[in-house]
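Protein sequences, first through last, are from chains A and B.
Note that the numbering used here numbers the first sequence so that position 344 is 344, with each residue one more than the last.
Note that the numbering used here numbers the second sequence so that position 66 is 66, with each residue one more than the last.
Treat the hints loosely; a few may be bogus.
Any copy, or any two copies together, can satisfy a pair, since identical chains are not distinguished.
What the hints assert, rightly or not - Below 16 angstroms or equal to it, Euclidean Cα-Cα: the simulated EDC-like pairs (lysine to aspartate or glutamate) are:
#1 K244 - D142
#2 K176 - E166
#3 K31 - D420
#4 K409 - E42
#5 K317 - D170
#6 K409 - E465
#7 K244 - E60
#8 K409 - D234
#9 K317 - E136
#10 K31 - E465
#11 K390 - E134
#12 K409 - D349
#13 K409 - D142
#14 K466 - D273
If you're looking for bench data, these hints aren't it; they were derived computationally from the structure.
Please read these numbers as outputs of a predicted model, since none were measured by experiment.
There are 2 protein chains.
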Amino acid sequence: MRTIKFLLIAGSLLATLSSVHGADKSLTFAKPDLNAAKTLRERGLADNTAWRLVESLTTEVGPRSAGSPGDAAAVAWAKREMQSLGFANVRTMDVTVPHWVRGDAQFAVLSPWPQPMPVLALGGSVGTGAEGIEAEAVMVRDVAALNALPAGAVKDHIVFFTNRMERTQDGSGYGKAVGVRVAGPSAAAALGALGVVIRSISTSDDRFPHTGALRYRDDAPRIPAFALSNPDADALERQFASGKPVRLRLWSTSRDLPPARSANVIGELPGTDRAAEIVLLGGHLDSWDPGVGAIDNGAGVAITMGALHLIQQAGLKPRRTIRVVLFANEEFGTSGSRAYLAENQAEADRHVLGFESDFGAGPVWRLSSRVNPAQLPVVDQIFRALAPLKLARGGNEAGGGADLDGLAKLGMPVLSPDLDGTKYFDVHHTANDTLAQIDPVALRQSVTAYAISAWLGAQYPGTWEKVATPKAPRR
Amino acid sequence: MRTIKFLLIAGSLLATLSSVHGADKSLTFAKPDLNAAKTLRERGLADNTAWRLVESLTTEVGPRSAGSPGDAAAVAWAKREMQSLGFANVRTMDVTVPHWVRGDAQFAVLSPWPQPMPVLALGGSVGTGAEGIEAEAVMVRDVAALNALPAGAVKDHIVFFTNRMERTQDGSGYGKAVGVRVAGPSAAAALGALGVVIRSISTSDDRFPHTGALRYRDDAPRIPAFALSNPDADALERQFASGKPVRLRLWSTSRDLPPARSANVIGELPGTDRAAEIVLLGGHLDSWDPGVGAIDNGAGVAITMGALHLIQQAGLKPRRTIRVVLFANEEFGTSGSRAYLAENQAEADRHVLGFESDFGAGPVWRLSSRVNPAQLPVVDQIFRALAPLKLARGGNEAGGGADLDGLAKLGMPVLSPDLDGTKYFDVHHTANDTLAQIDPVALRQSVTAYAISAWLGAQYPGTWEKVATPKAPRR
Chain A
1 MRTIKFLLIA
11 GSLLATLSSV
21 HGADKSLTFA
31 KPDLNAAKTL
41 RERGLADNTA
51 WRLVESLTTE
61 VGPRSAGSPG
71 DAAAVAWAKR
81 EMQSLGFANV
91 RTMDVTVPHW
101 VRGDAQFAVL
111 SPWPQPMPVL
121 ALGGSVGTGA
131 EGIEAEAVMV
141 RDVAALNALP
151 AGAVKDHIVF
161 FTNRMERTQD
171 GSGYGKAVGV
181 RVAGPSAAAA
191 LGALGVVIRS
201 ISTSDDRFPH
211 TGALRYRDDA
221 PRIPAFALSN
231 PDADALERQF
241 ASGKPVRLRL
251 WSTSRDLPPA
261 RSANVIGELP
271 GTDRAAEIVL
281 LGGHLDSWDP
291 GVGAIDNGAG
301 VAITMGALHL
311 IQQAGLKPRR
321 TIRVVLFANE
331 EFGTSGSRAY
341 LAENQAEADR
351 HVLGFESDFG
361 AGPVWRLSSR
371 VNPAQLPVVD
381 QIFRALAPLK
391 LARGGNEAGG
401 GADLDGLAKL
411 GMPVLSPDLD
421 GTKYFDVHHT
431 ANDTLAQIDP
441 VALRQSVTAY
451 AISAWLGAQY
461 PGTWEKVATP
471 KAPRR
Chain B
1 MRTIKFLLIA
11 GSLLATLSSV
21 HGADKSLTFA
31 KPDLNAAKTL
41 RERGLADNTA
51 WRLVESLTTE
61 VGPRSAGSPG
71 DAAAVAWAKR
81 EMQSLGFANV
91 RTMDVTVPHW
101 VRGDAQFAVL
111 SPWPQPMPVL
121 ALGGSVGTGA
131 EGIEAEAVMV
141 RDVAALNALP
151 AGAVKDHIVF
161 FTNRMERTQD
171 GSGYGKAVGV
181 RVAGPSAAAA
191 LGALGVVIRS
201 ISTSDDRFPH
211 TGALRYRDDA
221 PRIPAFALSN
231 PDADALERQF
241 ASGKPVRLRL
251 WSTSRDLPPA
261 RSANVIGELP
271 GTDRAAEIVL
281 LGGHLDSWDP
291 GVGAIDNGAG
301 VAITMGALHL
311 IQQAGLKPRR
321 TIRVVLFANE
331 EFGTSGSRAY
341 LAENQAEADR
351 HVLGFESDFG
361 AGPVWRLSSR
371 VNPAQLPVVD
381 QIFRALAPLK
391 LARGGNEAGG
401 GADLDGLAKL
411 GMPVLSPDLD
421 GTKYFDVHHT
431 ANDTLAQIDP
441 VALRQSVTAY
451 AISAWLGAQY
461 PGTWEKVATP
471 KAPRR
């Protein structure tokens, strides 16, 4: 990873030098377009459209997990709001989504020291049956430690994974920790375990368990899996530290219902002379159900819609079409972005530049990218237009996000105004994901950064080249 | 209130001056006693006994509301821990406590925008019956605003109280806001309301509803009452702001069981020449049930026990007896302190000085008191011994606390090392009251402040005089 980064930086440097020495005029933005960026900055930092949108979405719709009544309400909300903002070509694209229902869940330590603890089923978990599961628990750090246990060690036991997520600004701690949630349940089931409990993939010491999708393997039984908040995971570790057997009781009514209909919601600001080229602003519309989906991902909805609205309200006419896509069901299998890709297979190449907003409500602290290294000087120019927003210059290994994954794999360049993730995982996927977690000032700054970079991305006088290098693994 | 404070401060000044000018030697602490205070400071700031106690109580007992299995476990725990710390005369005093059971609760907005919201029943609330309650809601700020409504305005409605608590270091915001919780349900019921929902008496924007006792009047029907977290109360206010009727559904299985047995747990460090005089260190052992009672009041248990242990471990022999009393059921009617007072009626005058610890885990930021104004110079001397702990000098209107109320009304002087309450009401009475909310450094400082002031209180060469002034209303 480090070597790659170094090569990319070196490449960027060379490209910058050649640009500074002025070879190719087509790499330089036109003065009026840069002036327009200034206008966007002034207007954006004073514009409350995004706040109004996320307030409305969280208040009038609230939880909207795939297939739920809130999901349908969110689709209707998004279409209505795009129309009322005056977006062009507002439309929905049907998407079939899995429909998992959380139901209720209970967790208790039975011995050595009986205590109930608040718990959330992991997304997609099967239920326990009405009688629940009672068994002795085995504590391990992660999947590697599980697999290193002696044979039979977890058979007929409940496995408790203790691995704790690290707090980082770029969210990289999540990627390192989340494997336990995704793969832990089947890894334990393959060894004969009856159930799984994980320490939440969360940086918070508040008592909010953190949900999120697991992925069952086909070669192992489906066993129920739950998350405990960090303070409860600490308390459970102390029960183990007693040296006495730790006996747990798990119960939940989680279940799968038949697949349901949802939709991607799409709106545009049509381009002028290069209208066939699309600059995509994407974010998912669905949320997990315990909270109201304010930072994940009402904020992303508000940032992308707010950015497009800002450009439009400034009276700007982009050369390329800027398209907002609110994807269905990112959380439980990225159904919406897969459907979008399938539907746009023939037109995938028209998506010349992508932005994703799915990392909270800002502020933007860095501009990263994933472009053809020869075009890093273009990113540098965009970065300079963003400079008054106090950004750092990131590398060229941006992942985009889960919903851009398919297009990025096809070589679509990505610009990433990176949202500050320092506190994101305190709240993400918990009941605490409410409007109170959003700072309106940071939100306005984020909208502004997205609007300026999308605008300049749409005005770039050259041709956005495909990215040939393999895409880095998803964050 | 201000006038009283001014008079007390003026009195203190005069008394200090007369002391400085050296009239009464008996008002001055002996040098060895002041040196011992230094020893306590050095040892206390390095001693982890209190942390170990609150960790043990929250891990091995956890929730312990009056009458619950956790309550009985806590009594056994406290007796065992006092014995193992080597306290003298360790004993329990039976207390009959009310036994209210929370059960489950659900809350949903049905219209205009359907959403479930997490909710807690107020302590003592009746349940809704299996079918729940559905009705249109009326929003009012507080009880005064409720009573100012036109006749019939809330009949057959649910009343939503919106009053928000103010954050303060001394906790005074709580007293101003809590009336809605205590008196709101019966006030609404007297006007024909079917149920009550309050904005939590909490300073937090996290999604933790905050429980606490209501008080039903005899002249009004008992109707169910619930608390919403601040962000949900905000969201509900936005539903009202739509101008459309707001319809709610309430459901809970809260109920009363027959009164149960609990106990005060008592341990001492016996005095020497003035052993009949008691310096009381009190705190309640029970907790509300949604959390594990770390800051309320595991910390108070740990501070009082830790302070006594510190004095004992330093090999100090107090002149007066220092007694720790862990009171049963403070939260739901102060049963334990009432029983203590009833049992000690004849010996009430032997309680010459009281300390209560029921305001979190510190740090101590101020030394307040409620002593005979002529003895304020004694408090000043104790304050000087505490100076390296960086305290402010408070006034002479300390309330003590709920459990000292009865003795204070009989004139017992009170010393109050005031615990910093700035963040206390973010956590108090919520599921988030866990060990993670306690800072071990602040806890050690608090134990040290209690130990030094209890020690000097026990060594005071004069006679602690009764307080004649009426006790200020409970915070």
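Hint by hint, here is what the structure shows:
Taking identical chains as interchangeable, the C-alpha atoms of K244 and D142 are never at most 16 angstroms apart, the minima being 21 angstroms within one chain and 51 angstroms between chains. When the C-alpha separation of K176 and E166 is checked against a cutoff of 16 angstroms, the pair qualifies only within one copy, where the shortest distance is 8 angstroms, while the shortest distance between copies is 40 angstroms. Taking the shortest alpha-carbon separations for K31 and D420, neither the intra-copy value of 30 angstroms nor the inter-copy value of 57 angstroms comes in at or below 16 angstroms. Taking the shortest Cα distances, K409 and E42 never come within 16 angstroms of each other, neither inside one copy (35 angstroms) nor across copies (63 angstroms).
For the identical chains of this complex, K317 and D170 are neighbours neither inside a copy (33 angstroms) nor across copies (57 angstroms), given an alpha-carbon limit of 16 angstroms. When the C-alpha separation of K409 and E465 is checked against a cutoff of 16 angstroms, the pair qualifies only within one copy, where the shortest distance is 14 angstroms, while the shortest distance between copies is 82 angstroms. In this homomeric assembly, K244 and E60 come within 16 angstroms of each other (Cα to Cα) only across copies, at 12 angstroms, whereas the closest approach inside a single copy is 49 angstroms. In this assembly of identical chains, K409 and D234 lie within 16 angstroms of each other by CA distance neither inside one copy nor across copies; the values are 40 angstroms within and 42 angstroms between.
In this assembly of identical chains, the alpha carbons of K317 and E136 never lie at most 16 angstroms apart, being 65 angstroms within a copy and 48 angstroms across copies at closest. Taking the closest pair of Cα atoms, K31 and E465 never come within 16 angstroms of each other, the shortest separation being 23 angstroms inside a single copy and 84 angstroms across copies. Neither within a single protomer nor between protomers do K390 and E134 lie at most 16 angstroms apart by alpha-carbon distance, with minima of 54 angstroms and 51 angstroms respectively. Proximity of K409 to D349 under the C-alpha cut-off of 16 angstroms is restricted to the intra-copy arrangement: shortest distance 12 angstroms within a copy versus 82 angstroms between copies.
When the C-alpha separation of K409 and D142 is checked against a cutoff of 16 angstroms, the pair qualifies neither within a copy, at 30 angstroms, nor between copies, at 58 angstroms. Taking the closest pair of Cα atoms, K466 and D273 never come within 16 angstroms of each other, the shortest separation being 20 angstroms inside a single copy and 91 angstroms across copies.
Checked against the numbered hints listed earlier, the structure breaks hints 1, 3, 4, 5, 8, 9, 10, 11, 13 and 14; every other hint is satisfied.
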